[in-house]
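Novice: Each chain is listed here by its residues.
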Amino acid sequence: AQSVTQLDSQVPVFEEAPVELRCNYSSSVSVYLFWYVQYPNQGLQLLLKYLSGSTLVKGINGFEAEFNKSQTSFHLRKPSVHISDTAEYFCAVRTNFGNEKLTFGTGTRLTIIP
Amino acid sequence: NAGVTQTPKFQVLKTGQSMTLQCAQDMNHEYMSWYRQDPGMGLRLIHYSVGAGITDQGEVPNGYNVSRSTTEDFPLRLLSAAPSQTSVYFCASSYSQGSYNEQFFGPGTRLTVL
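Chains as they are written, first to last, in my numbering: chain Y, 19 to 132; chain Z, 199 to 312.
Hints listed in this document are in silico derivations from the structure and should not be mistaken for laboratory results. Quick reminder that beta carbons are idealized off the backbone N, C-alpha and C, glycines included. Wrong hints could be hidden among the right ones.
Stated by the list, open to error - Which chain Y residues face chain Z? A few, computed with CB under 7 Å, are given here:
#, residue
1, Leu64
2, Leu66
3, Tyr68
4, Gly71
5, Gly123
6, Thr124
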């Protein structure tokens, strides 16, 4: 079975500063990796996904993530954050065969400080 | 397209009461699922369905029932509510069983069991 670890439950960042949200996964087989964002009182929205190919993945709203197989990581980055990026971010993993079951991390709450 | 819709948005129940959380999608998606979100635990899969007439259990199925009589609808039933079922519930859908397909989430139902 696969698992996801998001070590940082909360990350405060000053506006226009860079941010990195960490995600590590564990799986005995190849996986697909995802980052979702949840704005206050809303459902989850896909930010970006890694399926195959280039290990640097670009998503919406200026976010990007890099898949590192040797370190089993998929960290999310943004070079300059805005107030509107305040949200909770979830990393998720799914095995690359058969079923649709997503395994989510516990989430990281990103707070932007003006 | 309305996407994935959920009703109600908020619900308060007393212990032992029953209710049905409604979920509908208008994207002709085969795959639908229910998650619950609890603080510090991320999202956990309750039940899922790969098509009309086919359902299966996820990670935390106890206390919940589902059925899938149509492609569009996937209701979640609580037969005898317990305080441990206080949570935010999300319904999600995706086009098919392929692991690369994005899951679309509804806005959620916030349930409190007293």
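Novice: Each hint needs a verdict: does it hold in this structure or not?
Specialist: Against the structure, the hints:
no., hint, in the structure
1, Leu64, "holds, 5 Å"
2, Leu66, "violated, 10 Å"
3, Tyr68, "violated, 10 Å"
4, Gly71, "violated, 12 Å"
5, Gly123, "holds, 5 Å"
6, Thr124, "holds, 4 Å"
The structure fails to meet hints 2, 3 and 4 from the earlier list, while all remaining hints are met.
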